[in-house]
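Got chain A; can you put chains B, C and D on it based on the hints?
So the sequences go chain by chain: A, B, C and D.
Residues in the first sequence are numbered from 480 upward in steps of one, following this note's numbering.
Residues in the second sequence are numbered from 480 upward in steps of one, following this note's numbering.
Residues in the third sequence are numbered from 480 upward in steps of one, following this note's numbering.
Residues in the fourth sequence are numbered from 480 upward in steps of one, following this note's numbering.
Hints in this document: simulated from the structure, not taken from any laboratory.
Hints may contain errors.
No distinction is drawn between identical chains; accordingly, a pair holds when it is met within one copy or between any pair of copies.
[Said to hold, decoys possible] Heads up, simulated DSSO-like pairs for lysine-lysine below, C-alpha to C-alpha not over 27 Å straight-line: (1) Lys703 to Lys618; (2) Lys758 to Lys517; (3) Lys703 to Lys758; (4) Lys786 to Lys758; (5) Lys556 to Lys660; (6) Lys618 to Lys690; (7) Lys745 to Lys641; (8) Lys696 to Lys517; (9) Lys745 to Lys556; (10) Lys745 to Lys506; (11) Lys758 to Lys690.
There are 4 protein chains.
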Amino acid sequence: MTVNSRPAHPVMLGQNQYGKAENRVVKITRDGATHHIKDLNVSVALSGDMDEVHYSGSNANVLPTDTTKNTVFAFAKEHGIESAEQFGIHLARHFVTSQQPIHRARIRIEEYAWERIAASGADSQSIGADEARHSFVRKGQETRLTQITYDGSSWEVISGLKDLTVMNSTDSEFWGYVKDKYTTLQEAYDRILATSVSARWRFNWTDDEQKAPDWEKSYEQTRKHMLEAFAETYSLSLQQTLYQMGSRIIDNRSEIDEVRFSLPNKHHFLVDLEPFGLKNDNEVYFAADRPYGLIEGTILRDGCEPKIPADLTNL
Amino acid sequence: MTVNSRPAHPVMLGQNQYGKAENRVVKITRDGATHHIKDLNVSVALSGDMDEVHYSGSNANVLPTDTTKNTVFAFAKEHGIESAEQFGIHLARHFVTSQQPIHRARIRIEEYAWERIAASGADSQSIGADEARHSFVRKGQETRLTQITYDGSSWEVISGLKDLTVMNSTDSEFWGYVKDKYTTLQEAYDRILATSVSARWRFNWTDDEQKAPDWEKSYEQTRKHMLEAFAETYSLSLQQTLYQMGSRIIDNRSEIDEVRFSLPNKHHFLVDLEPFGLKNDNEVYFAADRPYGLIEGTILRDGCEPKIPADLTNL
Amino acid sequence: MTVNSRPAHPVMLGQNQYGKAENRVVKITRDGATHHIKDLNVSVALSGDMDEVHYSGSNANVLPTDTTKNTVFAFAKEHGIESAEQFGIHLARHFVTSQQPIHRARIRIEEYAWERIAASGADSQSIGADEARHSFVRKGQETRLTQITYDGSSWEVISGLKDLTVMNSTDSEFWGYVKDKYTTLQEAYDRILATSVSARWRFNWTDDEQKAPDWEKSYEQTRKHMLEAFAETYSLSLQQTLYQMGSRIIDNRSEIDEVRFSLPNKHHFLVDLEPFGLKNDNEVYFAADRPYGLIEGTILRDGCEPKIPADLTNL
Amino acid sequence: MTVNSRPAHPVMLGQNQYGKAENRVVKITRDGATHHIKDLNVSVALSGDMDEVHYSGSNANVLPTDTTKNTVFAFAKEHGIESAEQFGIHLARHFVTSQQPIHRARIRIEEYAWERIAASGADSQSIGADEARHSFVRKGQETRLTQITYDGSSWEVISGLKDLTVMNSTDSEFWGYVKDKYTTLQEAYDRILATSVSARWRFNWTDDEQKAPDWEKSYEQTRKHMLEAFAETYSLSLQQTLYQMGSRIIDNRSEIDEVRFSLPNKHHFLVDLEPFGLKNDNEVYFAADRPYGLIEGTILRDGCEPKIPADLTNL
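Isolated chain A, as found in the complex:
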């Protein structure tokens, strides 16, 4: 930035970033007739020495967003896609090291899982007894997420998931709460507890000198521990369940130092059937949309600093 070009009025430029968002790249790897698939949605955000493009519109320091898109597709060929995390690391490193004005790159990736279609016995293209070699059905459960940030010296990797809907049909209570003049809620001693899990976890890998985690295994295990903790916690509050889910991850996955959850309480209200002469013995529920309780919290390894923002974004 040249001071001369800055407008005279008392306005400052603060944090800014730019790039191409939502590049939908699909990579097919062929192992003979057996194909493997990676299906990603990659968003690039770059920042650095970008004052002038804001003040005067000069693009002399601007690598076009179109180029960042091209790079995503080219890197899928050049580096392959081992994991969303590894792919994001390649991209972030490239932007920061190849363009002098770019000081920081943040790569966000959504990953969509596919599974093989079960093959009929007569299918000559099947793998072993029961799986098609190059036919897939989208799994459709949670969306896997990662965000890679690189500033030229250290890494921050935050992975996670969203839209994983879970339910315990019993082993949940809610009572003993504060009652003020606006309180009408009845205490509950056996209720449904359901939520759509949005979680982000931060890795303690920050340096190229450290050995990187096995990103694929880490995801699979973290998800497993989270689901087990949800299922196995006898819950007196959704906050307690949240804490157990986070603790289980910190206890079992040494590569993770911090977890943040955003857990909407997907209310299932017991329907009053008495007007119809019927008893509802925890059988018939109305699944409500809005409003919903929203419980958010961070669980940390002792001694670590929290770095995941309190308000989860579309990371």
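Positioned in the frame of chain A, the structure of chains B, C and D alone reads:
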């Protein structure tokens, strides 16, 4: 309707229907500590002797939509939910037979599938070795659908699914098509074929005297045949694949006389990597959103009349 | 179709259609520094002699969906976009008359309205006193719709709109309805009536020999009559309001013979404030999402046959 | 929190908050036959002395989310809704001052605008010549937003909007950018510039002792300045337009110290019509969905600290 109350101007009332839409009923069935779940979204549409409510606003023939909602929840208790189809049959019969002005009931149901959370070894609440007894994760793949229509004498049952996304990463070609002055498309000899299946199939069960199909097994088998046909068809056009999917169902499921598909061609375009000095050997694709090809068609058992509307609705 | 190529098993092909959906074409017309904008989403569906592509995969009769896309963009240049209806007529005629195997074309169009940004006094690019010449803000209210169908001899034009949300905060009652064993609803003598209007209307223009309506004026006037009827009807039921909205159109617009509405009753429930010692004198409402009443009906000019399908689609 | 109840393993609880989200409150104010409407979506998030509910599930400090919902509806009666901001201030103050364990309240509000339906001349319920007294149509353009945070001593108010779609059909260029080995983009000297504005602005009102802004007028004027700046900037980059939009607000609205924008570049690509022998003289564009450029930035009054998070959330 009283003729007197009809407005004098030359306007007629045509087809009309009303009811409560999207009743979100969840039914938990407890078998000791082992719970079972049915999760439905039920929409009621009633028609009959309803002229007067349109002309004068008299509600004398109108069962409130609120009552149709109450009935859905009460019936979940009174009849249970064996299957979406059986539940819809109970509801449709009730409205037509219990209210004289109602001549026709149409029940539409969406069903969301859940699977049990895998249990850790230490979990005392697990079923056998590996499944939680009352903890579930939403499957999240396709949404199952059914529509039951009853006019007091005969039944029409159309079931189906939507949002089942599938892909063949090879064994698809597209060439030999018409070329006019607006044609620029290059022929393709090895392409990705992907679609999000929306399908509806009509049962030949129409009468209480007939033995009803096993609705749950029918759904599972129809879905299986459809997926296998998708995977096993070497495709020269999406229309050919559509025809094979429908034929496979008609051939294998004698309870079904008609199938209609709406198949968006979820284009995966091969990315041109040549500007970067790279060869794209059917590896890197761009998954496009809009526009998309849309292929729709009906497959019938020989001699049957088509009854599924050409334009699939939110059935 | 060659009979030989038809599979031997007892399966028939029924109605089928194909084409490119959701072509997002934006046309800018420059009148000096003053620009005009048309923003459409165009979907093409063709049918005709298409058996063979289903049976054998031969594309010999298939104009690619990609070509139908190209045609949409080329026609925006060749014919301009006077109105969505006129543009659809050009396209439908072209496909049916230029390709022998194509016997029927259906063009669906969504139109998004834009208005000019108000200009500041100092703006040299403004129109007259207060409007920018080439700066627009999307209106964001309803989406305008049309569907053109042509079979080579006669036309069917169905236009309409969706997502026009309206509310009367009084002058609505609901009482005098049927009460059965599942009825718990209290009668209401002053309630909010709100809905999100989805409407389709069919023109009686069917032949090139007839003078075509002024499509732009017809839309504007039909929308106006519909809104006025909604506002001015003292309502005893949403069905009565629906009938008045349709009648007003038939009475005032001679070019229209049929109207169909799908009107979700967007419930606004009076909140019970008594537990807090407060009186709710029709002041505070909870806007509910699901379930909702759904009222659908057709209004016709006397003597006309209904042709709009009872289940509105994404037309 | 009792130290004893804390689990022994090395896990800490970090930031946490809870409350009822998306309370859809509609307030009708009657001025004789003339009604006024406020339509809000209110989300409550509380934090404070909440360790124990996470560790042991004790709800002794927890005001139920259901109570926070009741409070929203009761306050609409008790305080009315002058503006979203004022309503949020009432709520935040209440939660922090009435419950000892609650140390901080954050209220997020979305507001949906309505306008009066134009009345026909014959309408006896109209206001003056042309507006209905109690009939409304939802404006449907941007959603207005505010977030109020209170910690018992000082206030933070961040207002804004989302989904305001704007377009300049000319006066936009893009050239002179960095070109690396992945750059293929052609320079543009006359392009469409369109975006869907998401903006948040922070007020410098923080203390009950200060005179509060006129929230309604501030919103209207801020929106106006933003739109004018968009329309009147001859743009060499979307970043330059962003800076001008923010500067215009800071220059004109002394109550605002900081603005942050998230501006997706809604690409409108000129369609290549040459294969069809046609010239596209900046007339026919393809409106693309994904990927899209995403330009984000903060504009500050000189000397102020930025406080709006770099990643806009669903605030």
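For each hint, the structure was consulted:
1. Lys703 to Lys618: Answer is both: 16 Å inside a copy and 15 Å across each meet the 27 Å cutoff.
2. Lys758 to Lys517: So lysine 758 and lysine 517 pass the 27 Å test across copies only (19 Å; inside, 50 Å).
3. Lys703 to Lys758: neither (37 Å within a copy, 39 Å between copies)
4. Lys786 to Lys758: Close neither inside one copy (50 Å) nor across copies (41 Å); limit 27 Å.
5. Lys556 to Lys660: between (63 Å within a copy, 15 Å between copies)
6. Lys618 to Lys690: The answer is neither: 31 Å in one copy and 35 Å across copies each exceed 27 Å.
7. Lys745 to Lys641: both (14 Å within a copy, 23 Å between copies)
8. Lys696 to Lys517: within (16 Å within a copy, 33 Å between copies)
9. Lys745 to Lys556: Close across copies (22 Å), not inside one copy (42 Å); limit 27 Å.
10. Lys745 to Lys506: Answer is between; shortest inter-copy Cα gap is 15 Å, intra-copy 36 Å.
11. Lys758 to Lys690: neither (60 Å within a copy, 32 Å between copies)
Checked against the numbered hints given earlier, the structure breaks hints 3, 4, 6 and 11 and satisfies all the rest.
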